[in-house]
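Chains A and S are the protein sequences, given in the same order.
The numbering of the first sequence is my numbering, which starts it at 1 and goes up by one.
The numbering of the second sequence is my numbering, which starts it at 1 and goes up by one.
Source of the hints: derived by calculation from the structure; they are not laboratory data.
Treat each hint with caution, since some may be false.
Unchecked claim - Here are the simulated SDA-like pairs of lysine to any residue, each with C-alpha atoms no more than 25 angstroms apart in a straight line:
(1) A:Lys80 with S:Val109
(2) A:Lys80 with S:Pro231
(3) A:Lys165 with A:Gly69
(4) A:Lys80 with S:Ala4
(5) S:Lys300 with A:Ile223
(6) S:Lys96 with S:Thr187
(7) A:Lys80 with S:Val64
(8) A:Lys80 with A:Ser14
(9) S:Lys300 with A:Glu83
(10) A:Lys80 with S:Arg298
(11) A:Lys80 with S:Thr187
(12) S:Lys96 with S:Val64
Unchecked claim - Chain S is faced by these chain A residues, among others (derived, beta-carbon under 7 angstroms):
(13) Tyr15
(14) Asp59
(15) Pro61
(16) Gly64
Unchecked claim - Here are some chain A residues the structure puts well away from chain S; computed CB gaps all over 10 angstroms:
(17) Gln34
(18) Gly69
(19) Asn86
(20) Leu99
(21) Arg115
(22) Ser144
(23) Arg190
Note that the Cβ used here is the ideal one computed from N, Cα and C, for glycine as well.
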Amino acid sequence: MSEPAFEAVGLTRSYLLESVSVDALRGVDLRIDQGEFVAILGPSGSGKSTLMHLLGCLDRPTSGILRVGGVDVSTLDDTKLAELRNQMIGFVFQSFHLLARTSAIDNVALPLVYRGVSGTERRVRAREALEAVGLGHRLGHRPSQMSGGEQQRVAIARALVGDPKVVLADEPTGNLDTRNGDEVMNLLERLNADSGVAVVLVTHEPEVAARARRQVHVRDGLIERDTRIEGDTR
Amino acid sequence: MRTAEALRMALEALRVNRLRSTLTMLGVIIGVLAVVILVAIGTGAKNAVEKEIAGLGSNIILVVPGQVGLGAAPTQSRLDLSDVAYVRRVVGDPSKVTVAVNSGESVRVGRTEVFATLTGTDENLPNIFDRPLRRGRYLSATDVDTRRRVAILGAEVAGKLFGDVDPIGRQVTIAGVRFRVIGVYETVGSTFGVARDQEVHIPVTTAQRLIGLPRINGIAVGASGPDEIEPLQRRVVAALDARYPDEKFSAVTQTQLLGTIGTVLSMLTGVLAAIAGISLLVGGVGVSNIMLVSVRERTKEIGLRKALGARQRDILGQFLIEAVLLTTIGGLIGILLGVGGALLIQAVSPVPAAITWWSIALAFGVSVAVGVFFGVAPARRAGRLDPVVALRTE
Ligand SMILES: Nc1ncnc2c1ncn2[C@@H]1O[C@H](COP(=O)(O)OP(=O)(O)OP(=O)(O)O)[C@@H](O)[C@H]1O
Ligand SMILES: [Mg+2]
């Protein structure tokens, strides 16, 4: 088997708030293999987003070791970290985070801009990604001209346009109704099944979590429970 | 990320915030416009003065009593015609020395009366000054020796008194005395605010009698070549100083006049440009301010871009290019408006304006530099934003 997508050992993250230390993560050991589909659950404030930010290399741990694709992130400077994000990781956010005055196709192409891909190739690949999420007819639309579900699908297209190893989704269905939420989950499942991209998503909704093959429960900055649905060969 | 890409992105950002971009540019536009116009006017004034001085003639030395210089008090002249004869002997060639007696007088023909500068001079004037005649003749030696009441009119005086009629041979009354017109000068314009077309020339001897004083105001000497000017100037001054040990005499040459006036006008142009430059700087502060606001406003965008793989230098570059683009476009607009304004001023007012390439190049260079200088701080702030904090900002 190849390198795990993520490997965390004794991961902690503390914030200093007016000289009081807030421990958002208090020693997390976690291994996520390539091609896994993992749901992270837990009460509000338990440290789920903090963990996602660390996995996504947007933030650095206070202590502990984190390897992403076998690389210890503490050995990387900010520039290398940015390149790692660009190559390896796709993000999907609860509030979509699309550029407001930019068309769907240009939003999707954005990660490729920072990879130095030429304009024509970017457009081709962005169009393919949008077609893959069923939005081939919305290329020139701006976020304000699309429904929430469509916007989140644009965000998913943006996450997968660069062929990442992992997609990290922090409450991707949190701002959507059940039908649009279902649609987004279908897309993530298909992405996982078809191209073997590992998916890690944070959710509060049991129905959403139930669709993952592994559920990691976080409480007070620690992993409380890690359950796998054995024999699931979806 | 490629530069072309960054440029496209920056243009897009400026386009999206069109009104704000324009207002921000306004400071730079006004600054550059002021630099270009003020330098054009300063340079134009200098050129005009230089042309006037050169238009007098070539290799002229003006000898006057007292000290000549900025702020020197005017001196009562003690020179008379015997001194002119003395200078003629010193110079050697009498035909290259002429004399001036000046007085403001009214000149009348019938009921028409004009105020003119009466200049008493002699037959050598055209040997030293460029003073072409339109009609008639110059003064002759006989006119001077026999104190003839003859006059040569400046173009403007002739026009006002006689209109389209040929004045040659007609009578004019100067300070109550009748004179016969023997010549009319071509239009020559003014020198140092002296309207030379408003002059009336009569024999120096006649002028002295008319005014009632044996004095003269100055002596003009023509050198045979540019190299002769300085030795001749020194010789004449030394001779006069020897003749009148208690007094001071000065001789100024065109080159010296050009030098002094040129320096003053260059300084003036420099001061004007500096004042305009300050407004350019203020424009730069405006750019800095707006860029800081823009960075704050786009915190979420910056966080997102970083999450998608933008490096610190990509974000820094993006905002720096935006700032430089703002000031550069502003600078270009300012240059266009400045050149247009200078041409307009030139066309509709008597103020001369000369557009110089160096002022345009300088204004352009400074606007680019202002963009870099005032863009760096906001751009660095943007580049250093923590992506997590930026993304959590709503
Ligand atoms: N920048 C910060 N400074 C100080 N404390 C922070 C900061 N970010 C997060 N925290 C704290 O860390 C803890 C974990 O926050 P986190 O956002 O990871 O929770 P979460 O599990 O994602 O909660 P939710 O389900 O509400 O999104 C919280 O107590 C939070 O207040
Ligand atoms: Mg959260």
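Numbers of the earlier hints that this structure fails to satisfy, in rising order: Structure breaks hints 1, 2, 5, 7, 11, 13, 15, 16, 19, 20, 21.
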